[in-house]
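Residue numbers (this note's numbering), protein chains in the order written: chain A, 1 to 375; chain B, 1001 to 1375.
Just so you know, the hints here were simulated from the structure itself, not pulled from any lab data. Don't take each hint at face value.
[To be verified] Here are the simulated SDA-like pairs of lysine to any residue, each with C-alpha atoms no more than 25 Å apart in a straight line: (1) B/LYS1098 <-> B/THR1007; (2) B/LYS1299 <-> B/LYS1337; (3) B/LYS1299 <-> A/ASP17; (4) B/LYS1329 <-> A/LYS299; (5) A/LYS299 <-> B/HIS1016; (6) A/LYS299 <-> B/TYR1015.
There are 2 protein chains.
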Amino acid sequence: MANERFTITYRISLYHDEDINSKIESICREQSVELPRSVLNPYIEQTIVGSLTRLDRNPDASYFAQIAYPLGNVGLEIAQFLNILFGNISLIPGIQVKAVDWSALPSGLLPGPRFGIDGVRKLMGVEHRALSSTALKPMGSTASELAAMAYEFAAGGIDLIKDDHGLTNQVYAPFEQRLEAVSASVNKANAQTGNTSWYIPHITADGDELFRRYELAREYGVGAVMICPQLCSPGALSELASRENGLPIMVHPSFSGTFVLDNRHGFDKAFLYGGLWRAMGADMTIFPNHAGRFSFTLKECLDIVHTARDTSLPYKPIFPTPGGGLQRKSIPYWIEKYGRDSIFLIGGSLYQHPEGIRAAAIEIRSLLEEAVYED
Amino acid sequence: MANERFTITYRISLYHDEDINSKIESICREQSVELPRSVLNPYIEQTIVGSLTRLDRNPDASYFAQIAYPLGNVGLEIAQFLNILFGNISLIPGIQVKAVDWSALPSGLLPGPRFGIDGVRKLMGVEHRALSSTALKPMGSTASELAAMAYEFAAGGIDLIKDDHGLTNQVYAPFEQRLEAVSASVNKANAQTGNTSWYIPHITADGDELFRRYELAREYGVGAVMICPQLCSPGALSELASRENGLPIMVHPSFSGTFVLDNRHGFDKAFLYGGLWRAMGADMTIFPNHAGRFSFTLKECLDIVHTARDTSLPYKPIFPTPGGGLQRKSIPYWIEKYGRDSIFLIGGSLYQHPEGIRAAAIEIRSLLEEAVYED
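Here chain A stands alone, though its shape is the one from the complex:
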């Protein structure tokens, strides 16, 4: 393995008096030996240092540079994979990670999603339409208040009822109390309607507490769990995705913004939300949709959607889950843009429905069932 390599493709922008060859050379060394070549022996120089395998100049004067790194530099640790992907060069302006050739990575490194689109559809028993999701909020509500909302959403036909990502273990609605109350009310609604709505608790927590909450959630029979990968250890998502009899995992982009807001630096949005988190094990990837409260362009969102489902990756396709300000009335528009293999995450717009959240949920369910899917 030590002599095999995998590639990372960076989009490189030049500032001031930088030249492309020196910048590539500095990436190759910074992400491996961190020494000038003059003090390297020939063995190290040939087998350890990153090497340029392809270079393309873009019309906007940026470059795509594909650099090959030895698999031996990574080993089988996700923290070290990220270290090589973007560790020290995160501190150098004008470098954006665009792609990784996932299939060259050792199979034990990143597990990919356990379920993906097909697996989640099968568990949900929903084959032909897009899915709906909403968030239980606001923070400050008690567990029984959240459970009452969850009942209304489930009775109205929302598929995936997740905690707001701000709900963790606050005194207002401590995790286990909330888990117990919300699970019970969603189960009750399911029994009455014959639908399969899932409660998706947010389990992000420090250290092993994350795993304790995961196991608790499983004991309560929830449909899936949600974590914020950037607020957990780099390996947490993969560890959850690799567990025996694991649950589907929804991921939330909280705390990830600095990686994607600068188009010349960090991670390409589709790479992070559609590629990396999928490789790490997410089944459903939430992203801030265009025209909501955040600033992603339509093209960027379409890129995320396509990458999440790209069948050329060696992982199961996953559900793109646009959210962050989606309006009830806009659902037909987004169905047309993103297609049936999508989860539409609608929060505030349901809470603002003049006839209440159950009516809002019924309306969304009808929209999804009656939509004409062109894909």
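The hints should help you fit chain B onto chain A, whose structure is shown.
Only chain B this time, still in chain A's reference frame:
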């Protein structure tokens, strides 16, 4: 506790047609309830939503906005503290975290450093001069090659001999082999010279493996450990700093760059490297020094140095540790700029010394011992 608040100060820049009041209002809600006020009940609106406590307009047309959040929204979890600090708003351009009033946080949340400058000096037995550090590299070297280098560095008088942050558990020099070999050679040099050089292994790893490596390192009697906080779970640094009979902790900025490279977004550099990581438990904070391989300005570096030692924070002052391209010859200049309570991390420049690394180490030691410290 639920009714008490702590404040976060953001530097806010406006884009396009944004106005400051709406942007502040959206931060206050995004980081708490994530709902429009129209659907909040008065109790939630008064006790949960963030509230503006101070607003100053800067000469450059940006603003400093101080927002108070209920401690109850955080609880005692570091992941949730970061979620409130910068979770969803990480996805909104033009928001930079500048300060937190640490003293308002519950004492159980962030432990601060166990040792700080005085504690590390006492353990090292060095009272009156700045300290030196270097990195064992390049990746690809065997454990015994690294141990041989460590011996030379220690024999020459380098104080803190750390692993390069790229060394984890690769087959080239597996963690425990390296730990055993390097510890032994540093101990041998110490016995011969009467000096106290420390080996500082890099223990960043996925999940519980981090803690296993920490305990192993302690068993081998190392002086301190190094982690990359951004490549560990948010709570890992604090958990290490809180352990019984804990070791001093050096932190490395790998993978943290996207948080600090945009001056209008993310974290102020001094806040992250001098404030947040100190609050989390670091004793020595590495940052990419001005005029090295990275792009921080001298003023930004001085800010980091001052914040790391700022006695108005409710934590012990810690060692600023400039690195990332420091040259041997420049040490007197940096001593003058940063003063005696600094650790100078010099890597490549030692490896490039024409007479070898021991000669380089001796030279550095003399520089530090003979320097005139004005502070």
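ask   = Which earlier hints turn out false for this structure, listed by number in ascending order?
value = Of the numbered hints given earlier, the structure breaks just one, which is hint 4.
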